[in-house]
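Work out the full structure, taking the sequences as your base and the hints as a guide.
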Amino acid sequence: MSAGAVDDRRRARVRERDEDTRLGPDELGGRLGELATLVQFSSAFCAPCRATRRVLGEVAAMVPGVAHVEIDAEARLELVRELEILKTPTVLVLDAHGRVVRRAVGQPRKADVIAALGEAV
1 MSAGAVDDRR RARVRERDED TRLGPDELGG RLGELATLVQ FSSAFCAPCR ATRRVLGEVA
61 AMVPGVAHVE IDAEARLELV RELEILKTPT VLVLDAHGRV VRRAVGQPRK ADVIAALGEA
121 V
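Numbering-wise, full-length UniProt numbering puts 108 at position 108 of the sequence shown, and it's gapless, one number per residue.
Where hints are given, some of them may not hold.
What the hints assert, rightly or not - Simulated restraints, written as ranges between beta carbons of each label pair:
hint, residue 1, residue 2, range
1, G30, R54, 12 to 20 Å
2, E34, A115, 26 to 34 Å
3, A96, A47, 29 to 37 Å
4, E74, V121, 27 to 35 Å
5, G118, E78, 26 to 34 Å
6, L77, G30, 25 to 33 Å
7, R31, A75, 12 to 20 Å
8, F45, E119, 25 to 33 Å
To be clear, the hints were calculated from the coordinates, so they are not data collected in a lab. Virtual Cβ for every residue (Gly too), placed ideally from N, Cα, C.
Written out as structure tokens, the structure reads:
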């Protein structure tokens with residue numbers, strides 16, 4: 001197996017819509033972005049979570065109206081179970097109304113996050 005194949009498996013794939021799920025400030029512990037919100041579920045000893053935090057922070061800083069909210073999965077187990085979060089990092093892309101537009105499991109690429117935001121706004 002090549003090193004590229006290993007890296008590809010670690011990268012997140014941004015997946016389908018989950019239009020039935022909506023999150024608000026109470027669930028997030030923070031405000032929604034005016035246009036979109038990047039919600040990151042992380043855990044303490046998750047190395048890809050740190051890289052994901054950096055990528056999402058950069059995207060949120062780059063796109064006006066986009067917020068980045070990080071949630072400690074271990075501290076919010078009820079929400080993790082409700083949303084069927086099985087691995088960290090998991091990223092949910094929400095539109096302005098808190099509707100889940102896309103979900104990515106694993107470390108997403110910046111280009112994929114930006115593309116997913118295009119669907120949210």
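Results for each hint:
1. G30 with R54: 12 to 20 Å: Since the Cβ atoms of G30 and R54 sit about 18 Å apart, the hinted range of 12 to 20 Å holds.
2. E34 with A115: 26 to 34 Å: Cβ of E34 to Cβ of A115: about 20 Å, so the range 26 to 34 Å is violated.
3. A96 with A47: 29 to 37 Å: holds (32 Å)
4. E74 with V121: 27 to 35 Å: Given about 31 Å between the Cβ atoms, the range holds.
5. G118 with E78: 26 to 34 Å: holds (31 Å)
6. L77 with G30: 25 to 33 Å: violated (18 Å)
7. R31 with A75: 12 to 20 Å: Hint holds: Cβ distance 19 Å, inside 12 to 20 Å.
8. F45 with E119: 25 to 33 Å: holds (32 Å)
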